[in-house]
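Q: Chain by chain, the residues:
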Amino acid sequence: MTEADPFVPLPYRVGRVRRETRDITTLELAPVTGVRPDYRPGQFNMLYAFGIGEVAISVSGDPAVPGGYVHTVRDVGAVSGAIAKLKAGAMLGLRGPYGTPWPVEAAEGNDVVFVAGGLGLAPLRPAIYRVLARRERYGRVVLLYGTRSPPDILFRQELERWRRRLDVEVLVTVDRADAEWRGNVGVVPKLIARAGFDPNGAVAMVCGPEVMMRFTANALHASGLALDHIYLSMERNMKCAIGLCGHCQFGPDFVCKDGPVMRYDRIADILTVREI
Amino acid sequence: MAGGEPPIGTQAMLSLDGLRALIEALAERGYQVLGPTVRDGAIVYDEVAKLADLPSGWTDQQDAGRYRLERRTDNALFGYAVGPQSWRRFLHPPIERMWRAHRTEDGFAIDATAVEAEPSKFAFLGVRACEIHAIAIQDKVLVEGPYVDTGYQRRRRDNFLVAVNCGQAGGTCFCASMNTGPKVDAGFDLALTELLDESDHRFLIEVGSVAGAEVLSALRHHAASPEDIAAADAVVARTAGSMGRVLDTKGLKELLQSNPTHPRWDDVAARCLSCANCTMVCPTCFCTTVEDHSDLTGQTAERVRRWDSCFTADFSWIHGGSVRPETKSRYRQWITHKLASWIDQFGTSGCVGCGRCVTWCPVGIDITVEAAAIRATPATSTETDHGRT
Amino acid sequence: MEGLERIVLAHPFFAGLEAELGPVVSGCARNHRFNPGQYLAHEGDPADEFFLIRHGKVALEILPPGQSPVVFSTEGEGDIVGTSWLVPPYRWRFDARAVELTRAIGIDARCLRDKCEADPRLGYEMMKRIAPILEGRLGDMRLQMLDVYGERAR
Chain R
1 MTEADPFVPL PYRVGRVRRE TRDITTLELA PVTGVRPDYR PGQFNMLYAF GIGEVAISVS
61 GDPAVPGGYV HTVRDVGAVS GAIAKLKAGA MLGLRGPYGT PWPVEAAEGN DVVFVAGGLG
121 LAPLRPAIYR VLARRERYGR VVLLYGTRSP PDILFRQELE RWRRRLDVEV LVTVDRADAE
181 WRGNVGVVPK LIARAGFDPN GAVAMVCGPE VMMRFTANAL HASGLALDHI YLSMERNMKC
241 AIGLCGHCQF GPDFVCKDGP VMRYDRIADI LTVREI
Chain G
1 MAGGEPPIGT QAMLSLDGLR ALIEALAERG YQVLGPTVRD GAIVYDEVAK LADLPSGWTD
61 QQDAGRYRLE RRTDNALFGY AVGPQSWRRF LHPPIERMWR AHRTEDGFAI DATAVEAEPS
121 KFAFLGVRAC EIHAIAIQDK VLVEGPYVDT GYQRRRRDNF LVAVNCGQAG GTCFCASMNT
181 GPKVDAGFDL ALTELLDESD HRFLIEVGSV AGAEVLSALR HHAASPEDIA AADAVVARTA
241 GSMGRVLDTK GLKELLQSNP THPRWDDVAA RCLSCANCTM VCPTCFCTTV EDHSDLTGQT
301 AERVRRWDSC FTADFSWIHG GSVRPETKSR YRQWITHKLA SWIDQFGTSG CVGCGRCVTW
361 CPVGIDITVE AAAIRATPAT STETDHGRT
Chain U
1 MEGLERIVLA HPFFAGLEAE LGPVVSGCAR NHRFNPGQYL AHEGDPADEF FLIRHGKVAL
61 EILPPGQSPV VFSTEGEGDI VGTSWLVPPY RWRFDARAVE LTRAIGIDAR CLRDKCEADP
121 RLGYEMMKRI APILEGRLGD MRLQMLDVYG ERAR
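Protein chains in written order, with the numbering used here: chain R, 1 to 276; chain G, 1 to 389; chain U, 1 to 154.
Next up, chain R with everything else stripped away, as it sits in the complex (with noise of 0.2 Å):
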């Protein structure tokens, strides 16, 4: 085989392990030989737990930052269970980065809208980093985020240091809590209306859960922005990546090398159609 067999992963050796939540893990991964390819907010790699298997998972760190890369993996299954319990200095395999990334660039001039539910933070957070750090190509920047309850808010410490910003609106909320919690209750489509942007021009950034997604895209169409401002990511089953295996197919689609990252108003009809 060729040395750019795409089939091969590299070896990374794991760095800094963080538990963000109960079952949700960061790793630090750096490259064993030679230097992490650059890749774009969105994307993601193949990571191989020696025996077990291989899964995608999106990159959640700072494009800006060289040396390896950052993962945040939720334990739901054998291969991402194992990729979450690796300790420092264990090895895994990588392959990738793969498909589409975030419009970044081209929502340069406008206000961007973040609306992340769950684990979704994780893959929109390149995107966040890089859009902060060129803040002043962006309009006003919203970042909305919902997820279960609040023990269960990802990157709990960096949602609050860009709260504290004073150019950057982030609204949370969660499904459910206590009488404890002095935050927002509900799901994060209703934070739409609430948070401060100029839905003529704004550009969207949506990912978590497929329903979540769904009724976040309508409730920002509903609130003016154009279909084609809106970007979702995509999951669906993925074997090699590169569009060779035929899983991921979504439509006409490989979620795999024309994902994950998708223009809505490309997606919109199939995106209700029932097991498609």
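Derived by calculation from the structure, the hints in this document are not laboratory data. Hints are supplied without guarantee of correctness; some may be wrong.
Stated by the list, open to error - Facing chain U, a subset of chain R residues (Cβ under 7 Å, in silico):
hint : residue
1    : Gly118
2    : Arg134
3    : Pro150
4    : Asp175
5    : Ala179
6    : Val185
7    : Val187
8    : Met212
9    : Phe215
10   : Thr272
11   : Arg274
Given the structure is predicted, the values throughout are model-derived calculations rather than measurements. Quick reminder that beta carbons are idealized off the backbone N, C-alpha and C, glycines included.
Fit chains G and U to the supplied structure of chain R, relying on the hints for placement.
A: Frame of chain R, contents of chains G and U only:
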């Protein structure tokens, strides 16, 4: 024999003995010669060393859910349509080890090169027009996209294709509808048309490539007469006129893509066993899955790639469940991909009209019938999904 | 225009209300201020008032016996709290608690109901303003009920 090599497009006549010599000439040139043989009551592509390995005097009776080999009244060597297998079996094998890995002191190492088999130089004998198109379609999918399937590319390299113009259409054939046959038009090294009557058994042979010209120049042959050429044309014309099935492709892509909630999907789901046979026999289906294994001690691991099928529950699994739990959505995915979204993805239909999916469906579901049923009663707007809140 | 009427008509709920209906509606209104921890309403009490939140935050909660209260929604600036006043038997079906200092306009429900009965044009106007809110909340509740961030069976 004239000196020099015959130009591409040359048509010549080859005797039965010339065909024997062709097989030997390919073997002498280092090719693994694979062609039709009879095994377990079917035409199976396997190694061919001599004329006697070929299915002399056999034909196939095919219909939806039915395949039978029967004796012919003559000794035709290519007197059948297509068997269950296609050349995909060799170019894109059902099981392939991608790499091995082993534990090391500080982690593990992946050893990709140890897996690489000695590359075979395949010569395929008896490739039908639909199959040439199927190979071209898999080339598009696996080699001509942004990422290359390196294993496929390696196995595809230096193939020698001896095509055969079909002497008869199978009961489930519809290549004429898909513009993929029955006459081979490109993508071959040599193409044969079998000419057989009481007195003579010979082949019109056409040169399709420089490699083909070189091989033909080593064989005893003579120029084809206008009568020979007319006879070969008649064979193909007769085949074209006797297709077992018809598929109306006009507007088919839009038709299928605009009917995701057609009641016909329920109808076909009531018959479909979700057995995946159609995808296993299809010469263009390319879907695969990977399996990661380790030994009991956890010291070594490997990744194996296998053919997969959109008819399995695992195929569309995302944590928590299958995106397509129901048979109707799996069938819809398969036929819509094959006949419609394939065009979006690769600029060509994914169907070559070989009829295998029809023949080898255990309950006789017929892609041409299902497509026609959707066309007959396209869904009205009241039948579209109103899922968006 | 009186001060209270101006405040009432400035709330998004009454945005664009016909000028002549302004005094009719604000005739049923009064101003409220709730300190954190104070309740706007209690489950089971007569729903004789509903609230237009001007600012602050109100938690809508239900107390399952033996548990701490479950907050199923918070409402803030521009939102309304209370729809049970629309339908018999006109009783609150949850507790509404101010999470932070909250200013609100209270609308006397009986007053407004009577005016709606007397003037169907006002009644229809109110329905057109409340129905989208109910529809939106129903959709939100569905999404919430799906528990999309919860664990799924493996």
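Q: Would you mind marking each hint as holding or not holding in the structure?
A: Outcome of the hint check:
no.	hint	result
1	Gly118	holds (4 Å)
2	Arg134	violated (30 Å)
3	Pro150	violated (10 Å)
4	Asp175	holds (5 Å)
5	Ala179	holds (4 Å)
6	Val185	holds (5 Å)
7	Val187	holds (5 Å)
8	Met212	holds (5 Å)
9	Phe215	holds (5 Å)
10	Thr272	violated (14 Å)
11	Arg274	violated (15 Å)
Checked against the numbered hints above, the structure violates hints 2, 3, 10 and 11; every other hint is satisfied.
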